[in-house]
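Asker: Single-letter residue listing:
Number of protein chains: 2
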Amino acid sequence: MINYINSRTNQKVVHASRLKDKKYIKEYKEFLIEGVKSLELAIKSGLVKEVFTLKELKLPYNIPQYLVTPEIIEKISINQNPEGVVTVCQLIPEKKPEKFNKVVYLDDISDPGNMGTLIRTALAFNYDAVILSDKCVSIYNPKVVAASKGAIFSIPILTGFLKDFKKDHKVIASTLSDKTIPLEKCKKIESFILVLGNEAHGISQEVIKLSDIFVKIPIDNIDSLNVAVAGGVLMYYFK
Amino acid sequence: MINYINSRTNQKVVHASRLKDKKYIKEYKEFLIEGVKSLELAIKSGLVKEVFTLKELKLPYNIPQYLVTPEIIEKISINQNPEGVVTVCQLIPEKKPEKFNKVVYLDDISDPGNMGTLIRTALAFNYDAVILSDKCVSIYNPKVVAASKGAIFSIPILTGFLKDFKKDHKVIASTLSDKTIPLEKCKKIESFILVLGNEAHGISQEVIKLSDIFVKIPIDNIDSLNVAVAGGVLMYYFK
Chain U
1 MINYINSRTN
11 QKVVHASRLK
21 DKKYIKEYKE
31 FLIEGVKSLE
41 LAIKSGLVKE
51 VFTLKELKLP
61 YNIPQYLVTP
71 EIIEKISINQ
81 NPEGVVTVCQ
91 LIPEKKPEKF
101 NKVVYLDDIS
111 DPGNMGTLIR
121 TALAFNYDAV
131 ILSDKCVSIY
141 NPKVVAASKG
151 AIFSIPILTG
161 FLKDFKKDHK
171 VIASTLSDKT
181 IPLEKCKKIE
191 SFILVLGNEA
201 HGISQEVIKL
211 SDIFVKIPID
221 NIDSLNVAVA
231 GGVLMYYFK
Chain G
1 MINYINSRTN
11 QKVVHASRLK
21 DKKYIKEYKE
31 FLIEGVKSLE
41 LAIKSGLVKE
51 VFTLKELKLP
61 YNIPQYLVTP
71 EIIEKISINQ
81 NPEGVVTVCQ
91 LIPEKKPEKF
101 NKVVYLDDIS
111 DPGNMGTLIR
121 TALAFNYDAV
131 ILSDKCVSIY
141 NPKVVAASKG
151 AIFSIPILTG
161 FLKDFKKDHK
171 VIASTLSDKT
181 IPLEKCKKIE
191 SFILVLGNEA
201 HGISQEVIKL
211 SDIFVKIPID
221 NIDSLNVAVA
231 GGVLMYYFK
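Residue numbers (our numbering), protein chains in the order written: chain U, 1 to 239; chain G, 1 to 239.
FYI, nobody ran anything at the bench for these hints, they're computed from the structure. Hints are supplied without guarantee of correctness; some may be wrong.
Copies of one chain are not kept apart here, so a pair can be met inside one copy or by any two copies together.
Heads up, simulated EDC-like pairs for lysine to aspartate or glutamate below, C-alpha to C-alpha not over 20 Å straight-line [said to hold, decoys possible]: (1) K239 / D220; (2) K44 / D223; (3) K239 / D223; (4) K239 / E184; (5) K143 / E199.
Here the structure is a predicted model, which is why all the values come from computation and not from measurement.
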């Protein structure tokens, strides 16, 4: 289904442009994604409502496709140099993961770039799910969506407190304590939840109390690694 | 030396606020850093000119310190929630690294967050230097400075083409080719240059021609990792 829209005040354009605002994301239960790669993963998830694009795309027939002007893309895109493809999606329903052995728990991650990158990395390294604490930034924040490169559609994302998910898992906390061991000395584990903490405050005390293994990536010269980088190194090691 | 400034139109404040603009960074050969942690590394490098702060700091006596109002910090800061400490620094002179065995080459990295994070990671994992190709984003871009967390002051950063730096180093390129091997199968090497490529286009052909080892981090479900995450995993592996 291909249609043409030329006006920035077209109702569909106005509606889409509102979805930059979290108030409307909540109200309409829809959000925006940008670019072709994210769109591919969104199509697989069955959550695409409609696509605004500068050039005709090969899409499944049942997805409405609107050929629009650069001015319209500029109006609905959050990027300064938009790729020319903006898609309206339905919110992602929480889905139960098939397996639940290799899990990442994000404890109050506040930077949207870090959050999206951590979800992208968890998907790439075949983790079974990502759990978000209540205070994490929303996965529908446009910068999370962009940094995840569509991964939010493909890996089960759950929300809640660590205790409610821990069964026979070992909880691995990336933090300093008297029990902390360097990563190289840490044994590989079958069933675990890897915890990564807030950029400024680290892992919360409640979560530390539930942790079994404390691990650090040995570093020098500087206080810490970026949490998305630390997460990448740890997820690769334990995968 | 502690002084007070209350006016947003004070000459020093106006001067500092101009340093958000790359034109003035070039003209005055000065740039801004934010926060206490970056300041600590800047002090060690001897490049601090003056500090604007909301609260008195313990600083070496020869560094001028201006106690200012939140409005002034807001004027000179690039952050939405500034930490309350903004420092004017001299540009960083290129310094020859003491050793040159473990080196990272950034080939046209364009995202400032990635660039700063990669420099921070290289310092944390004790790399000897970072070399930047000509088309990399400037290290004085405020987002690079912020993401590096002061690392730009502590690790030698050189600019130029790979060929001019390669001696007995093996060049390790993180890219796909018919010769690419998975990271786990890659031997540890004494003297190497690890190459990371542009976010959209990967490593340039000229650089690929100079490469000895082609390596990939095995991933599934998604096209690629974020380059700062891939860089972190690779730097950790080869460190």
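Asker: Each of the hints needs a verdict: does it hold here or not?
Answerer: Hint check:
Proximity of K239 and D220 under a CA criterion of 20 Å is satisfied inter-copy only: 12 Å between copies versus 25 Å inside one chain copy. Only between protomers do K44 and D223 lie at most 20 Å apart by alpha-carbon distance; the minimum there is 15 Å, versus 41 Å within a single protomer. Only between protomers do K239 and D223 lie at most 20 Å apart by alpha-carbon distance; the minimum there is 18 Å, versus 26 Å within a single protomer. Taking the shortest Cα distances, K239 and E184 sit within 20 Å of each other both inside one copy (14 Å) and across copies (12 Å).
Both within a single protomer and between protomers do K143 and E199 lie at most 20 Å apart by alpha-carbon distance, with minima of 16 Å and 16 Å respectively.
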